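From first to last, the protein sequence lines stand for chains S and G.
Residue numbers for the first sequence follow our numbering, beginning at 1 and rising by one.
Residue numbers for the second sequence follow our numbering, beginning at 1 and rising by one.
The reader is advised that the hints may include incorrect statements.
Just so you know, same-sequence chains aren't split out, so a pair can sit in one copy or run between any two.
Using 20 angstroms as the maximum straight-line C-alpha spacing, the simulated EDC-like pairs for lysine to aspartate or glutamate come out as follows [to be verified]: (1) K183 to E173; (2) K310 to E259; (3) K183 to D24; (4) K229 to D311; (5) K214 to D313; (6) K272 to D105; (7) K238 to E213; (8) K4 to D311; (9) K310 to E213; (10) K238 to D313; (11) K229 to E67; (12) K196 to E290; (13) K82 to E60; (14) K214 to D24; (15) K52 to E20; (16) K272 to E302; (17) K238 to D314; (18) K238 to D311; (19) K238 to E315; (20) K52 to E213; (21) K52 to E186; (22) K214 to D314; (23) K193 to E290; (24) K83 to D105; (25) K4 to E67.
It is worth saying that the hints were derived from the structure and are not from the lab.
Here the structure is a predicted model, which means the values were calculated and not measured.
Number of protein chains: 2
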Amino acid sequence: MGKKSAYRVAVVGATGAVGERIIDLLHHTKIPLGSLKLLASSRSAGKTVTFKGKEIKIEEATPESFEGVDIALFSAGGSVSKKLAPEAVKRGSVVIDNTSAFRMDEQVPLVVPEVNAEDIKAHQGIIANPNCSTIQMVAALKPIQDAFGISRVIVSTYQAVSGSGTSASVELEKQAKDYLAGKEMEASILPVKGDKRHYPIAFNALPQIDVFEKNGYTFEEMKMINETKKIMHMPQLKVSATCVRLPFFRSHAESVYVEVNEQGLTVADVRKILENAPGIIVQDNPSQQEYPTPLTAEGHKEVFVGRIRKDPDDERGFHLWVVSDNLLKGAAWNTVEIAEQLVANNSL
Amino acid sequence: MGKKSAYRVAVVGATGAVGERIIDLLHHTKIPLGSLKLLASSRSAGKTVTFKGKEIKIEEATPESFEGVDIALFSAGGSVSKKLAPEAVKRGSVVIDNTSAFRMDEQVPLVVPEVNAEDIKAHQGIIANPNCSTIQMVAALKPIQDAFGISRVIVSTYQAVSGSGTSASVELEKQAKDYLAGKEMEASILPVKGDKRHYPIAFNALPQIDVFEKNGYTFEEMKMINETKKIMHMPQLKVSATCVRLPFFRSHAESVYVEVNEQGLTVADVRKILENAPGIIVQDNPSQQEYPTPLTAEGHKEVFVGRIRKDPDDERGFHLWVVSDNLLKGAAWNTVEIAEQLVANNSL
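Okay, chain S solo, but in the shape it has when bound:
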């Protein structure tokens, strides 16, 4: 496809938490927008959304919806993507998919623009947006890898409920109110919608995000492990993860241990590299108690890094505290950023 003067964009899952933020971000996108089509399930079809002063009616997503669409941003769950993304590609759209449906497909680039924007060019119709907790971690790891090389990562996450959808946020709010009113908390969504058992998340911590795999890791943990290796092009990188859901609404935090190849580095060396990295804001001044938190990262597109420390025993080990808005850089913003790169590089 040659460079166009305007692009026809569709958002699939326009009424979801991520879809809504994609639409917000498209207000200010560098992409010259020819038209915007908003798609959702039949349940939401007929509702309207105001975009740049114009009412846009939400349509039911069908294979035919993608006729004439240049870029389709999918964020309506894995089963919708599996069914409709190939239909969109068949009709000439480039799909940027925000679900796990195609992420580990060898023919599908898995992209965080600050890390592997080059991979976009090799797409065959579908580009996958990584898991939220993976995106912010690799954004922080890539500049360190480029400068010093890295060999090992051990991460423990602190993840917001909005990563599990709007219903999980509603559940946290309801449970918190009940608990504070001295009432019994009811749990029917978290840790995993549709799984066997549910536990209260309010004033609690659940060491399960997504379903368990046979190896005892959760699917969320395996996503972080496998996606990190793919995005960084480092199949040999040692990665392990423990993923924990916590009672806050927005932004994931991560305690990341990383081993670099170079010896003799100082905290100042690592901090300097991160300060100059794209999309990263270093907030790290212990004497002034400056560090990122989920509440302060909310609403921002960047990845925040603080608590940069050298391991007390390992000459090559460093610890980072990485925080980012899971709905923005972790989802909607990374998706729109990929679309912008796609257009800027004329890679459609």
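Given the structure of chain S, go ahead and fit chain G onto it with the hints provided.
For chain G alone, kept in the frame of chain S given last:
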């Protein structure tokens, strides 16, 4: 001191969160109680507490309070311990101190009974109770060390606000109510009472517990590092920690990575060792979504371990999720347990 038929016990800080729980636990202690003296600051003096059906008047703690006291359980803050613990020892009491005042003193045993009960015998008047987050971790590490040897620990914590005192719990409750009512949250206690800046803890995560040290670690993180080496008698053990305060009231959780010396071990090997360890309850059945959480651990004296996994890349690496009630095993219960051992071994 010879074995006695009854022991005169004093609780210093009787009105605090830990002190109250010590009094609760003394109802069922194996120690033959001759008398119970309840001590606090002048502010609380005069209040009464019912113990086994009898009213006990709280007295102001002074040096003379310890005349005739066999065992003094201190839990009223570091400055009170520094001032009064030596006075108690001078008067013949054995002090079990729940603050950080004497923990790293070479002449003071630092004890978790399941780990190093033998150290009690060497006391010179003061025995220190470790930091809450350290206690539950070493309780889980010791059986693994005994069975297979360990060489390295990397821990990220998920800590309840009650570790920062009753006022922090009150602050979380107030902030949560304000947030849910759409009001601005006010912060004046956490992360550290008296430190320069305060941040809301409700629906947030604060990567600071206690004040920052010059090396960029917090005092809480250094406590975990140094106390673990001392309790385990392993100055060469590699330990690093990231400590995070979270919006729940009771029980700390920890994501612990441990490297063992023995190769070729399975998850079943590690699980079996933990299942047979004193004071440990293994809750680890991924297919049934069984794992410990702060809410389920609350009110229990044991240390709960779940999510036992082998590291995907390191033949010697294992991951554990360790949860325990920070006010019980993390404080009051460990203190009473030390006192019981002291009496059982006739080590006064």
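Hint by hint, here is what the structure shows:
no., hint, verdict
1, K183 to E173, "both (13 angstroms within a copy, 15 angstroms between copies)"
2, K310 to E259, "both (10 angstroms within a copy, 19 angstroms between copies)"
3, K183 to D24, "neither (37 angstroms within a copy, 25 angstroms between copies)"
4, K229 to D311, "between (23 angstroms within a copy, 15 angstroms between copies)"
5, K214 to D313, "between (34 angstroms within a copy, 17 angstroms between copies)"
6, K272 to D105, "neither (35 angstroms within a copy, 38 angstroms between copies)"
7, K238 to E213, "within (19 angstroms within a copy, 31 angstroms between copies)"
8, K4 to D311, "neither (51 angstroms within a copy, 49 angstroms between copies)"
9, K310 to E213, "between (33 angstroms within a copy, 13 angstroms between copies)"
10, K238 to D313, "both (19 angstroms within a copy, 6 angstroms between copies)"
11, K229 to E67, "neither (35 angstroms within a copy, 66 angstroms between copies)"
12, K196 to E290, "between (41 angstroms within a copy, 11 angstroms between copies)"
13, K82 to E60, "within (16 angstroms within a copy, 71 angstroms between copies)"
14, K214 to D24, "neither (39 angstroms within a copy, 43 angstroms between copies)"
15, K52 to E20, "within (14 angstroms within a copy, 61 angstroms between copies)"
16, K272 to E302, "within (17 angstroms within a copy, 44 angstroms between copies)"
17, K238 to D314, "both (16 angstroms within a copy, 8 angstroms between copies)"
18, K238 to D311, "both (17 angstroms within a copy, 9 angstroms between copies)"
19, K238 to E315, "both (17 angstroms within a copy, 12 angstroms between copies)"
20, K52 to E213, "neither (44 angstroms within a copy, 51 angstroms between copies)"
21, K52 to E186, "neither (41 angstroms within a copy, 37 angstroms between copies)"
22, K214 to D314, "between (32 angstroms within a copy, 18 angstroms between copies)"
23, K193 to E290, "between (36 angstroms within a copy, 16 angstroms between copies)"
24, K83 to D105, "within (15 angstroms within a copy, 66 angstroms between copies)"
25, K4 to E67, "within (17 angstroms within a copy, 90 angstroms between copies)"
When each numbered hint is compared with the structure, violations occur for hints 3, 6, 8, 11, 14, 20 and 21.
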